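One letter stands for each residue in the lines below.
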Amino acid sequence: GENVEQHPSTLSVQEGDSAVIKCTYSDSASNYFPWYKQELGKRPQLIIDIRSNVGEKKDQRIAVTLNKTAKHFSLHITETQPEDSAVYFCAASPDNYGQNFVFGPGTRLSVLP
Amino acid sequence: DVKVTQSSRYLVKRTGEKVFLECVQDMDHENMFWYRQDPGLGLRLIYFSYDVKMKEKGDIPEGYSVSREKKERFSLILESASTNQTSMYLCATESSGAEGNQPQHFGDGTRLSIL
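Those protein sequences? They're chains F and L, same order as listed.
Sequential numbering from 7 applies to the first sequence in this note's numbering.
Sequential numbering from 2 applies to the second sequence in this note's numbering.
Next comes chain F alone, as it looks inside the complex (with noise of 0.2 Å):
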């Protein structure tokens, strides 16, 4: 079965720094990749996705890109503020009705002021 992995487990940056993420994921079948952002006492939020079909999809400051050949996608935060404090999941899932996500253990990103 899929087994995502993520690194770092906490990041930390200064205010106006980027932030990047990384996740890899096993299985090769995998065709979707959804961020997921929680904040304290929240519930997880989809802030960006990719398929496999395309290599980069940029929202405002935020960015993933996949690179399938190598089974890793990143999340890229640019110009971080203080309230993309959070912890961000990644999760992998093949294109196939009937799969389910896989979900990393999480990053807790800290912007310090």
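Read the hints as simulated data drawn from the structure, not as lab findings.
Don't take every hint at face value.
[What the hints assert, rightly or not] In silico lysine to aspartate or glutamate, EDC-like type, Cα no more than 20 Å apart, as pairs: (1) F:Lys48 <-> L:Glu57; (2) F:Lys48 <-> L:Asp109; (3) L:Lys72 <-> L:Glu23; (4) L:Lys56 <-> L:Glu73; (5) L:Lys4 <-> F:Glu8; (6) F:Lys74 <-> F:Asp23; (7) F:Lys74 <-> F:Asp33; (8) F:Lys48 <-> L:Asp39; (9) L:Lys58 <-> F:Glu8.
[What the hints assert, rightly or not] Here are some of the chain F residues that sit facing chain L, going by a computed Cβ distance under 7 Å: (10) Leu52; (11) Phe109; (12) Gly112; (13) Arg114.
[Said to hold, decoys possible] A partial selection of chain L residues facing chain F, derived with a Cβ cut-off under 8 Å: (14) Gly41; (15) Gly43; (16) Leu44; (17) Gly64; (18) Ser68; (19) Gln105.
Computed from a predicted structure; not experimentally measured.
The beta-carbon is built from N, C-alpha and C at its ideal position, and this holds for glycine as well.
Got chain F sorted already, so can you dock chain L onto it with the hints?
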């Protein structure tokens, strides 16, 4: 906007009790999921359902059961609660889109403590 409502934010129960966690969604999504979230372990899938009266085991189903009598409601049942089931429980829904897997939408979670 998808609304996923979990019946309780905080719950305290005793060892051996039968515990029901309820989840209701308003978007007519076919797929519903129950996860537990523990520090350092991320989200682990307990059970899921792709249709009414249908259920499938996830990665950690032991000690749990589920019920889906109506499309909008997915219940998680702890048959005889134990202290190692103290955790945050998250319900999620997903539309079975024609393009393959779709994003999952989460409820606010239930923090369950078993004493």
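Taking the hints in turn, this is what the structure says about them:
1. Taking the CA atoms of F:Lys48 and L:Glu57, the gap is about 27 Å. The hint is violated against a cut of 20 Å.
2. Pair hint F:Lys48 plus L:Asp109 holds up; C-alpha atoms about 6 Å apart against a cutoff of 20 Å.
3. With a C-alpha separation of about 13 Å, the suggested pairing of L:Lys72 with L:Glu23 holds against the 20 Å cut-off.
4. For a cut-off of 20 Å, the pair hint linking L:Lys56 to L:Glu73 stands: about 14 Å separates their Cα positions.
5. Under the criterion of a C-alpha separation no larger than 20 Å, the hint pairing L:Lys4 with F:Glu8 is inconsistent with the structure, at around 29 Å.
6. Our distance criterion of 20 Å between C-alpha atoms is broken by F:Lys74 and F:Asp23, whose separation comes to about 27 Å.
7. A threshold of 20 Å between alpha carbons decides the hint, and for F:Lys74 with F:Asp33 the separation of about 10 Å falls inside it, so the pair holds.
8. Note on F:Lys48 and L:Asp39: the hinted pairing holds, with a Cα-Cα distance of about 14 Å set against a maximum of 20 Å.
9. Distance hint between L:Lys58 and F:Glu8 is fulfilled; the C-alpha atoms sit about 16 Å from each other, no more than 20 Å.
10. Proximity of F:Leu52 to chain L holds as hinted, the smallest CB-CB distance being about 4 Å (cut-off 7 Å).
11. The interface hint given for F:Phe109 is met, as the beta carbon of that residue sits about 4 Å from the closest beta carbon of chain L, less than 7 Å.
12. A distance limit of 7 Å between C-beta atoms decides the matter here; for F:Gly112 the minimum to chain L is near 5 Å, and the interface restraint holds.
13. The beta carbon of F:Arg114 is not positioned within 7 Å of any beta carbon in chain L (closest approach about 10 Å), and the interface hint is therefore violated.
14. Hint status for L:Gly41 relative to chain F: holds, with the closest Cβ pair at about 6 Å, below 8 Å.
15. Contact between L:Gly43 and chain F, as hinted, is supported at the beta carbon level, the nearest pair being about 4 Å apart and thus within 8 Å.
16. Interface hint at L:Leu44: satisfied, since its Cβ lies 4 Å from the closest Cβ of chain F, which is below the 8 Å cut-off.
17. Taken as an interface hint, L:Gly64 does not check out: its beta carbon lies about 20 Å from the nearest beta carbon of chain F, beyond 8 Å.
18. Of the supplied interface hints, the one on L:Ser68 is violated, with its beta-carbon coming no nearer than about 19 Å to a beta-carbon of chain F, more than 8 Å.
19. Because the beta carbon of L:Gln105 sits about 6 Å from the nearest beta carbon in chain F, less than 8 Å, this interface hint is met.
Of the hints listed earlier, those the structure fails to meet are numbers 1, 5, 6, 13, 17, 18, in rising order.
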